[in-house]
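**Student:** Spelled out, the chains give:
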Amino acid sequence: MRYAILLMGAPYSTQASHSALRFARAVVARGHRLECVFFYHDGVHNAARLAAPPQDEPHLVDGWIALHTEHGVSLQVCIAAALRRGLMDQREASRHGKAGYSVEAPFELVGLGQLVDLGLDCDRLVTFGP
Amino acid sequence: MRYAILLMGAPYSTQASHSALRFARAVVARGHRLECVFFYHDGVHNAARLAAPPQDEPHLVDGWIALHTEHGVSLQVCIAAALRRGLMDQREASRHGKAGYSVEAPFELVGLGQLVDLGLDCDRLVTFGP
Amino acid sequence: MERDRWRGRETGGETIVILHVVNKAPDTGKTLEQVLTAMSGDDSLLLIEDGVLGSLPALADRCAGLPGRCYVLREDLESRGLLARQDERFAVVDIEGFVSLTEQADKTVSWY
Amino acid sequence: MERDRWRGRETGGETIVILHVVNKAPDTGKTLEQVLTAMSGDDSLLLIEDGVLGSLPALADRCAGLPGRCYVLREDLESRGLLARQDERFAVVDIEGFVSLTEQADKTVSWY
Amino acid sequence: MESTEAIEGNQREGDILLVLRHAPHGSSWLREGLDIALVGAAFDRKVSLLFMGEGVLALLSGQTSGALGQKGTHPTLQMLEMYDVDALYAESAAMSRFAVAEADLLLTPERVGETAIADLLKHHDLVLTF
Amino acid sequence: MESTEAIEGNQREGDILLVLRHAPHGSSWLREGLDIALVGAAFDRKVSLLFMGEGVLALLSGQTSGALGQKGTHPTLQMLEMYDVDALYAESAAMSRFAVAEADLLLTPERVGETAIADLLKHHDLVLTF
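As given, the protein sequences belong to chains B, S, V, F, D and X, one line each in that order.
Position 19 (the first sequence) corresponds to 19 in our numbering; numbering is contiguous.
Every position in the second sequence, counted from 1, becomes a number in our numbering once 1000 is added.
Every position in the third sequence, counted from 1, becomes a number in our numbering once 2000 is added.
Every position in the fourth sequence, counted from 1, becomes a number in our numbering once 3000 is added.
Every position in the fifth sequence, counted from 1, becomes a number in our numbering once 4000 is added.
Every position in the sixth sequence, counted from 1, becomes a number in our numbering once 5000 is added.
You may find that some hints are simply not true.
[What the hints assert, rightly or not] Computed list of lysine to aspartate or glutamate pairs in DMTMM-like fashion (alpha-carbon distance at most 20 Å, straight line):
#1 B/Lys98 to S/Asp1062
#2 D/Lys4046 to D/Glu4102
#3 X/Lys5071 to B/Asp56
#4 X/Lys5046 to X/Asp5084
#5 V/Lys2030 to X/Glu5114
Just so you know, the hints here were simulated from the structure itself, not pulled from any lab data.
With the sequences and hints as input, model every part of the structure.
**Tutor:** See the structure below:
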């Protein structure tokens, strides 16, 4: 089956990101195609490239990247939710006249229409809230 | 009186930051000394230098900076809570071997001991949770 | 009877007053229950943000044991279209009133 | 009687099944109440994260109307020291079981 | 009066049901849920809204901007009709609980009880809670 | 049995009371509250902990790391004694609600009822809820 995940919790503040990552790995392990993890609401903080969790804790950002690298899962971040929360890629940073950026590939900033399409086109969408 | 504010809610996700900023201004307007706003838990996101809220919404980061500039209020961010959440200044970035940074002056990354001191040394500590 | 419960908690001549600030609606978790558990007879209660829903007449009875010590923040009632809908047992204060309450109380405890 | 209430909601021959996933404890807001309001007789309920507290015997009665359709996530019971403390009306599933439930259901609705 | 007429009309595919459970102003949940409604409608999806619990307070007339100028969600609600989002439902029990009368409302949702709510969930392809 | 003995002993200044109301693992609240306890104690402040509501579940023995290796809070609780944090209280009603017996506990808090809880709040200079 074709799956998508919607993640709306920030890493570390709530367990949502851990649950979503565990679920994502299990979906793939059962032979399904995981199309996309869509980050919305506080979930956009999962895309923060400067995250530096303590070394004895799982590094969630790296976990998402591994999922992309190993299984081709796209990592889509709602652009409006991200900009409000201090997350922007290089393109947005230059558009807003800011030096520096806080989101980089393989995370992509996309419109909310992507979520609507995913939700209706995939066989299953599973949401993890904060 | 000497006041301090503890803010634990992220901007935009909850009303906590708006309430804290309103309260901060009212404290100063009533002639008190506001020593510090301490950012902890998800409140650390108030220090995100790349925040780009829509133009028809209040810009909270700028609001905090104005409070610092006009009234000498120090803006202290718990360093441990910040690092976990993708917020670091230039010094931490170079310590972690990362290019770029997401927190800058007048926000300062400090230890949690500062909060304990503030809470016990100021006449009043008022907390805004998410 | 409910009053006596509060009165029973007063400590002799001592007047150590706490201002309890609540920003969650009565339906959102145990926040309001926990505040009521932790309050003393000389404490005050201020509702802000979504907490102002607790001042609606249908929900206000839980605070009925606190006559004269219940406050609700005007600006948060107003933005929600609830100003004038609050129960009469609540006094409406503005943001300056909020600061003033924190001046009067020995300490402020926030529940969220 | 409680069973009849659920049965009454079944829609003819149609079997449209929803898996409802809850990650909040019963004391945290109206989440569990809202799920129970929105559930049909052929839906299933899975408790994860802090939601697993809802499977403790003292709190499990709210789900008693759903025999055979209540699940709780093993790893979240385990990390909290609650494995083997859950009410017998809940079936324990691991993360693969969670995926399997989402396969079987036509759609999954999460409540938080 | 509760009816299920409108619901039975919704049994086609491609529908999104947004369950809105949060009050305005206190958090961004309501706004970020409504944003999906607008985007879904702009993408020609048939979108329904169910206001549940504290979410029914979103429907009150007389709402204003926040004290710092935060926009609120009432302007968005008033745009729904323009986007052809006209399938609006409100939990009957919540309307009663908060003593919200028809005369107090910005919009005219259909009041629904438990059975109708369960049917709404069944008859939409994608159900997202906010 | 509820007693107020320990509480009366706490009537000196400089004390911090942390009210811990969240269960372990589901969010970072418990951990970020305990971090203040450790820092306060390291700064020679007298710290008390009150476990309320779901917070009493922090006291259960048999907790483990999360499925992705998330640390949990039980190792921190076991360090409290080393930091001389020994004023531990647990809400009696919550212990009963969750059917937590003395034999199930990692630590041995004093069980407190409403009056004792109100007294605890009075007799600490700084009260923070988590």
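**Student:** Each hint should be assessed against the structure and marked as holding or not.
**Tutor:** Results of checking the hints against the structure:
1. B/Lys98 to S/Asp1062: Holds, because 14 Å separates the two Cα atoms, which is no more than 20 Å.
2. D/Lys4046 to D/Glu4102: Status violated; Cα separation ~25 Å.
3. X/Lys5071 to B/Asp56: holds (8 Å)
4. X/Lys5046 to X/Asp5084: Between lysine 5046 of chain X and aspartate 5084 of chain X the Cα gap is close to 8 Å, so the pair holds against 20 Å.
5. V/Lys2030 to X/Glu5114: holds (15 Å)
This entry does not satisfy hint 2, going by the numbered hints stated previously; all others are met.
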